[in-house]
Each structure stands twice: as structure tokens, then as C-alpha cells.
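*Asks:* Residues per chain, in single letters:
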Amino acid sequence: MYSYTDFDAQFVADRNRQFRAQVERRISGSLTEDEFKPLRLMNGLYLQLHAYMLRVAVPYGTLSSAQMDQLALLAEKWDKGYGHFTTRQNIQYNWPELRDVPDMLDALAEVGMHAIQTSGNTIRNVTADHFAGAAADEVADPRPVAELLRQWSTDHPEFQFLPRKFKIAVTGSENDRAVIKAHDIGIQVVEKNGRTGYRVLVGGGLGRTPMIGKELAPFVPQEDLLPYVEAVVSVWNLLGRRDNKYKSRIKITVHEHGIDEIRSLVADRFLETKQAFNGADLALFDEIKAQFAPPAFRNAPEDAFDAAYEADPNFRAWADTNLTAHRAPGYAIAQISLKAHGETPGDATADQMRVMADIARRFGHDELRISHEQNVVLPHVHKSDLPEIHAILKANGLATANIGLISDIIACPGMDYCALATARSIPIAQEIATRFEELKTENEIGELKIKISGCINACGHHHVGHIGILGLDRAGVENYQITLGGDGSEDAAIGTRTGPGFPAEEVVPAIERIVEAYMTNREGPDETFLQTYKRLGMAPFKTALYGEQAEGKRARAA
Amino acid sequence: MPKPFTPKVVTANALLEGDVIYLSENDTWVRELRDAEVLTDEAIAQMRLLDGQARPAEAVGVYLADVAPTENGPEPTHFREDFRRTGPSNYFHGKQAEG
Numbered sequence: 001m002y003s004y005t006d007f008d009a010q011f012v013a014d015r016n017r018q019f020r021a022q023v024e025r026r027i028s029g030s031l032t033e034d035e036f037k038p039l040r041l042m043n044g045l046y047l048q049l050h051a052y053m054l055r056v057a058v059p060y061g062t063l064s065s066a067q068m069d070q071l072a073l074l075a076e077k078w079d080k081g082y083g084h085f086t087t088r089q090n091i092q093y094n095w096p097e098l099r100d101v102p103d104m105l106d107a108l109a110e111v112g113m114h115a116i117q118t119s120g121n122t123i124r125n126v127t128a129d130h131f132a133g134a135a136a137d138e139v140a141d142p143r144p145v146a147e148l149l150r151q152w153s154t155d156h157p158e159f160q161f162l163p164r165k166f167k168i169a170v171t172g173s174e175n176d177r178a179v180i181k182a183h184d185i186g187i188q189v190v191e192k193n194g195r196t197g198y199r200v201l202v203g204g205g206l207g208r209t210p211m212i213g214k215e216l217a218p219f220v221p222q223e224d225l226l227p228y229v230e231a232v233v234s235v236w237n238l239l240g241r242r243d244n245k246y247k248s249r250i251k252i253t254v255h256e257h258g259i260d261e262i263r264s265l266v267a268d269r270f271l272e273t274k275q276a277f278n279g280a281d282l283a284l285f286d287e288i289k290a291q292f293a294p295p296a297f298r299n300a301p302e303d304a305f306d307a308a309y310e311a312d313p314n315f316r317a318w319a320d321t322n323l324t325a326h327r328a329p330g331y332a333i334a335q336i337s338l339k340a341h342g343e344t345p346g347d348a349t350a351d352q353m354r355v356m357a358d359i360a361r362r363f364g365h366d367e368l369r370i371s372h373e374q375n376v377v378l379p380h381v382h383k384s385d386l387p388e389i390h391a392i393l394k395a396n397g398l399a400t401a402n403i404g405l406i407s408d409i410i411a412c413p414g415m416d417y418c419a420l421a422t423a424r425s426i427p428i429a430q431e432i433a434t435r436f437e438e439l440k441t442e443n444e445i446g447e448l449k450i451k452i453s454g455c456i457n458a459c460g461h462h463h464v465g466h467i468g469i470l471g472l473d474r475a476g477v478e479n480y481q482i483t484l485g486g487d488g489s490e491d492a493a494i495g496t497r498t499g500p501g502f503p504a505e506e507v508v509p510a511i512e513r514i515v516e517a518y519m520t521n522r523e524g525p526d527e528t529f530l531q532t533y534k535r536l537g538m539a540p541f542k543t544a545l546y547g548e549q550a551e552g553k554r555a556r557a558a
Numbered sequence: 559m560p561k562p563f564t565p566k567v568v569t570a571n572a573l574l575e576g577d578v579i580y581l582s583e584n585d586t587w588v589r590e591l592r593d594a595e596v597l598t599d600e601a602i603a604q605m606r607l608l609d610g611q612a613r614p615a616e617a618v619g620v621y622l623a624d625v626a627p628t629e630n631g632p633e634p635t636h637f638r639e640d641f642r643r644t645g646p647s648n649y650f651h652g653k654q655a656e657g
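Sequence lines, in order, name chains S and L.
Residue 325 in the working numbering sits at position 325 of the first sequence; the count goes up by one each step and never skips.
Residue 603 in the working numbering sits at position 45 of the second sequence; the count goes up by one each step and never skips.
Keep in mind that the hints were calculated from the coordinates and are not lab data.
Quick caveat: nothing in here was measured; it's all calculated off a predicted structure.
Do not take every clue at face value.
What the hints assert, rightly or not - To give a feel for the contact side, a few chain L residues facing chain S, derived at Cβ under 8 Å:
#1 Leu-574
#2 Asp-577
#3 Val-578
#4 Val-596
#5 Gly-619
#6 His-636
#7 Arg-638
#8 Phe-641
#9 His-651
What the hints assert, rightly or not - The calculated label-pair distances, taken between Cβ atoms and stated as ranges, are:
#10 L:Leu-608 - S:Arg-208: 28 to 38 Å
#11 S:Ala-419 - L:Lys-561: 22 to 32 Å
#12 S:Pro-157 - L:Gly-631: 50 to 60 Å
#13 L:Glu-633 - S:Thr-5: 49 to 59 Å
#14 S:Glu-24 - L:Glu-633: 34 to 44 Å
#15 L:Ala-612 - S:Ala-21: 23 to 33 Å
#16 S:Gly-29 - L:His-636: 27 to 37 Å
#17 S:Arg-474 - L:Lys-561: 15 to 25 Å
#18 L:Ala-612 - S:Arg-99: 19 to 29 Å
Each residue gets a CB set at the ideal place from its N, CA and C atoms; glycine is no exception.
From just these sequences and the hints, can you work out the full model?
*Replies:* As C-alpha cells, this is what we get:
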């Protein structure tokens, strides 16, 4: 794991001192809100419906146990005893008071964390595959390059006033767990003729105008990556539309100019940016990379795992859903679901954070990850320790066995907290999860990803949900549109709207009808919801939702 | 006939605490919608909005919100204002827990 250098620590300390003074000047009246707002946003501080919200960066989703313990401390001391993990691998505190925020930032700095560039029109926290360094299918750990990008983008003088926010995600595997095709820049570590390089995608994004990222370069060599990315951001910084915030993201720039023109502009600009890099970035990359060396995996028998798997059906169910193959023999990647049925997706109490930190310290090479699916990951655990880990999780309400199932729902905070929201998301997620828990059908249904956003900005990634739900305000009433067939993987696809939306109380019955249609039509338990949808298209689901009549009307119209 | 004026309250978030506040008749910021001054005249509403906006050391994002006057005081006409005066629905936090 990366540890701060003296330079990093000094940089964060200076920044915190500046922000403390800015807060004081705002309170004393020397700064107006218009002057203060961009400063607080640069430091992750929002003002939402009921209170301030502090968004803390968890770079590429990686945390040590000491960092997780400190997040628990913040939750307890300055919030209401919990934190909310987000779809960008960050954590949000929903109840801080303005005067306390500088102290919160100082407490974060003690463990090498901050909230810099978690908001504002800058390059945001760089996200990565949450199985980085552990996945069996990985070409290389994406985190060293994510950390390099983080250092390059932090306080980058050219990129502090971009046309809009800018998000970068990195994956080291062909299997895309970082949703790189829905980012402004998506980077995939690839190998060609024994050399490591990067496939660079550009112009993906969700929100009001969802777009799938396009390939800008199939292979950028290691030594060219930073100047190349700098060229991309710099081309957009000039071309990007500042006249209209809905047209300002790079996806619109790419759409308006075409990928070929952008590629040629980037190539020209690259000739200039490349001159400014003298190799210091490559030396730095090697230093960073050394810090992400794999832990010392141990060789031990797996008998304890096998015995518990045979004897304990709860453990077996959890192991079947929450474990993923690890690259090291005898090891597993274990996901801790923050989606207990009926609870708020992504929330963890301070006590639960400490429990997870303790497990990581005792059994997990001191590492934790936050996934964009709002769960916590123990990336390196020996299988023989899993029965004990499971027992501890169970005792703390953290052993929900539902990863990838219908109740493992992504939901943005929605109108329960967010000032931009047009409807609530959390209660919809709670109701769906509770209903399918009552029905006891989620294992039978199998892999099915529901993603819910409370407004068109799509923080809940609804466009790439197998079932997507978008909450809107229709004449003063919450109303929910449903999309089907979205996919956030390497086969990324934007979901298609089923038809008219549903009032809040009809969303759960609508989801049930969609699932019934899937169960009736699937060729067997091995055909997932998404495969059935791809095979049959919208028709059977539309009929299930709106009846035969609607389908007939559509046919006549055609 | 001109459209009848929908009654309003002046509302904002408190600078220090960040919570929802309303302007009362005696010019103090109050925490409960029922204690807010209900404005039934458009010209007066605009004046009171300016009054609120002139206090940037206390309030952030001052605006006029629609209400329906009732026997128990003003009630929100839109669900967003209802959540603002209540708190989130997933936890018993915010205004609902303070009353």
C-alpha cells in the first residue's frame, strides 16, 4: 500500500491549514458564500438538504485498518455514528457542522487521507478495480498507475478550473470491474509483446446523456501515459463547452467533434506535453510500484474451510456468493456486503468499521477495499481463516450473503440527503431487498444487478443496471422509470426504458413482475437475467409490466 | 384574472449547523416550519427574501418555498420541502429527532 512521503504529508497539512483559515474567514464574514463555495467544494464539503456533507477520498478504494479505524472515529465524533460508502469508492459523512470540518480533515491527515478534489470541476478521485492485486484474471495491479494519476492530478495547475468534473478509472483485467467505459477516461492495463502499456478509452459517462467510452488508443506505452492523459484533458479543457453545464463533459466534446478528430488533436498536443516530462514521473512510478508489492502469502492447509463448508449451511451460502477466486493458492477474495436486507445500501456504523478493520489486521494483510458497488472487500484472506471471519461478521450484522444478487443494490443517497435529487432512492432499495428476502427467491434468481438513481445525474449508475431505476418528480409526486439491459462490465451497455414510469408504491410489484417474466422465460438456471433479456429483448418484460394490451397497441402502431 | 399568489416562507440552511431554517415574523431564524412567517403578498415576500439574503453570516441559499396555510401553521406543498422540514426517511435523524 502507498504511504505518504514527507512531501505528501506537508502538502495535505498545508492545504488543511489553508482551508481552516478559509472557514474562519467565511464565519467572520470576510468571505461571501459565492467566494467560499468553490473553496469548500475543492475540499469535499457540500451543503445538502439537512446538513453539510463531507466526501472523503478513498484513493482507488484501498484502505488500511488504521485508516478504517479513523473513518470510524470521524463517524462517531463528528457525525451520527455511521458513514456512507459511495459508488465512487469514497465515504460520505452526512451530518458534520462547519466549524468541525477542519478538525475532521486534520484527523484524516493523521492516517494519510484527505477530501481534496472529491468535488468541484477538477480531476476527481481516481477509481480502480476493487480486486486489484488479488484477482486471478489480472494482467497487472492497476493501483500504481492510479496512484501516479492521483499525484499528477492533485492540484495540477492547468486542471483546477475545468469545464466540468473529470473522472478516471483504471482496471488491470479484461473483466472490467471498474466500469471504465462509463468514465471520462477509462484505462486498461494491457500487455503487448511482453511490454506493459495502457489501452485508453475516452468519452464515457452516465448522467443526462449516457455514453459508452470509445477507444482513443489501443496501446500507450508506460513512459507516455502521463503526457498522453495530460494531452487528452488539455484538449478537452480548450474545446469543452463552458456555456452549458449539460454539454460540458468530455463525452459531449467527443460526440460533437468525433473520436477521430479528438484523436488527432490529442496526438498533436501530445507532442507538446511529452516535452515537459523529463522522466521524473517514471522514477516516481517505480517507487510507487514497489509499495504495491503483494503481501507475503502463506502456505497452509484449507481443511478448516472445507470442514465449515460441509457442516455449516450459513457459511456455505455466504462462501458461494461472497467469495471470488484469488491469484494466490489457498487464498480468497471475500466481500463484506453493506446491503443487509432493509438497510441503507453502503452504510456502515462506526462499530462495523472497527470490526472490519480488526479482521483486516488479524487475517487480511491489513488491507480493505471499497467497491463501487458499495461493499467492502477483504482482498487477501487465507481460506482456512474464513470460518472465523464469517463468525465475526455474522455477530456484527455483516454476513449478508447476497453479493451480485437482487438485493445487492446500488443506490445513490437520493432525496433523503441530496440537494440535487428529484426523488428518493434509499427507501426503494430497502423495499426491494426486503421483499425478495421475504420471498426467499434471490439465490434461485441468481445474478441480477439493480441500480437506483434519485435524479438524472445517475450517481446510482441506473443506466448500467441490469434493472435500472430512475427517480423523478412528476408534477410534485415521486415517479420511477425503469430501464432493462444495462451492463457495467466490459460489455458495457446502456439500459432501455420499459415505458411509462411507476409511482413509488408500484415499484416493488413492477420489479416482481419483471423477475417473474425472467424466471418463466429463462432457458435454465444458468441463463442470467441479462442473457435472457439479450435473447428475448424487451417484449416479454413489457407485457409483464403493462399487459398484453400495451404490447398489442405497440404492434399496431408499428 | 391574475393567477393567485401561492403563500411562501423564506427558508435557507444555517451557515454553521447546515440545517434547515425559516425566517420568522420577528426576524429571527427558526428551526421549525410551523414557526415561520407565512407570506401571502408577493411584494412583501420579495422584500422578506431580500431581508433573508442580507444575512449571509447566518444563512446559506436563501429562497422562497411554497406552503399551504392551515390551522396548524404552514404545510409544505411539495415533497422536497416536506423532507427538508422532517429529515431523512432511512434514519430517525435531523429535524424529526430534534422536535
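*Asks:* Does each hint fit the structure? Answer for all of them.
*Replies:* Hints, one by one, checked against the model:
1. For L:Leu-574, the suggested interface contact is upheld, since its CB lies about 5 Å from the closest CB of chain S, less than 8 Å.
2. Look at L:Asp-577: its Cβ gets to within about 6 Å of chain S, closer than 8 Å, so that hint holds up.
3. The criterion of a C-beta within 8 Å of any C-beta in chain S is met by L:Val-578, whose closest approach is roughly 6 Å, and the hint holds.
4. Interface restraint check: L:Val-596 against chain S, minimum CB-CB distance 20 Å, threshold 8 Å, status violated.
5. Nearest Cβ of chain S to the Cβ of L:Gly-619: about 7 Å, under the 8 Å cut. The hint holds.
6. Taking 8 Å as the C-beta contact cut-off toward chain S, the hint placing L:His-636 at the interface holds, the least distance being around 5 Å.
7. Hint on L:Arg-638 holds. Least Cβ distance to chain S is approximately 7 Å, under the 8 Å limit.
8. Interface restraint check for L:Phe-641: the shortest CB-CB distance to chain S comes to about 6 Å, inside 8 Å, so the restraint holds.
9. Restraint check, L:His-651 versus chain S: the minimum CB separation of about 6 Å is within 8 Å; hint holds.
10. Checking the proposed 28 to 38 Å range against L:Leu-608 and S:Arg-208 shows it holds: the Cβ atoms sit about 33 Å from each other.
11. For S:Ala-419 and L:Lys-561, the Cβ-Cβ distance of about 28 Å falls inside the hinted range of 22 to 32 Å, so the restraint holds.
12. At about 53 Å, the beta-carbon gap between S:Pro-157 and L:Gly-631 stays in the expected band of 50 to 60 Å.
13. Distance hint check for L:Glu-633 and S:Thr-5: the Cβ-Cβ separation is about 57 Å, which falls inside the suggested range of 49 to 59 Å.
14. At roughly 39 Å, the beta-carbon separation of S:Glu-24 and L:Glu-633 lies within the given 34 to 44 Å, and the hint holds.
15. Under the hint 23 to 33 Å, the C-beta atoms of L:Ala-612 and S:Ala-21, about 25 Å apart, fit the expected range.
16. The beta-carbon spacing between S:Gly-29 and L:His-636, approximately 32 Å, falls within the hinted interval of 27 to 37 Å.
17. Separation of S:Arg-474 from L:Lys-561 is about 22 Å and conforms to the stated range, judged on CB atoms against 15 to 25 Å.
18. Between L:Ala-612 and S:Arg-99 the beta carbon distance is about 23 Å. The supplied range of 19 to 29 Å therefore holds.
This entry does not satisfy hint 4, going by the numbered hints stated previously; all others are met.
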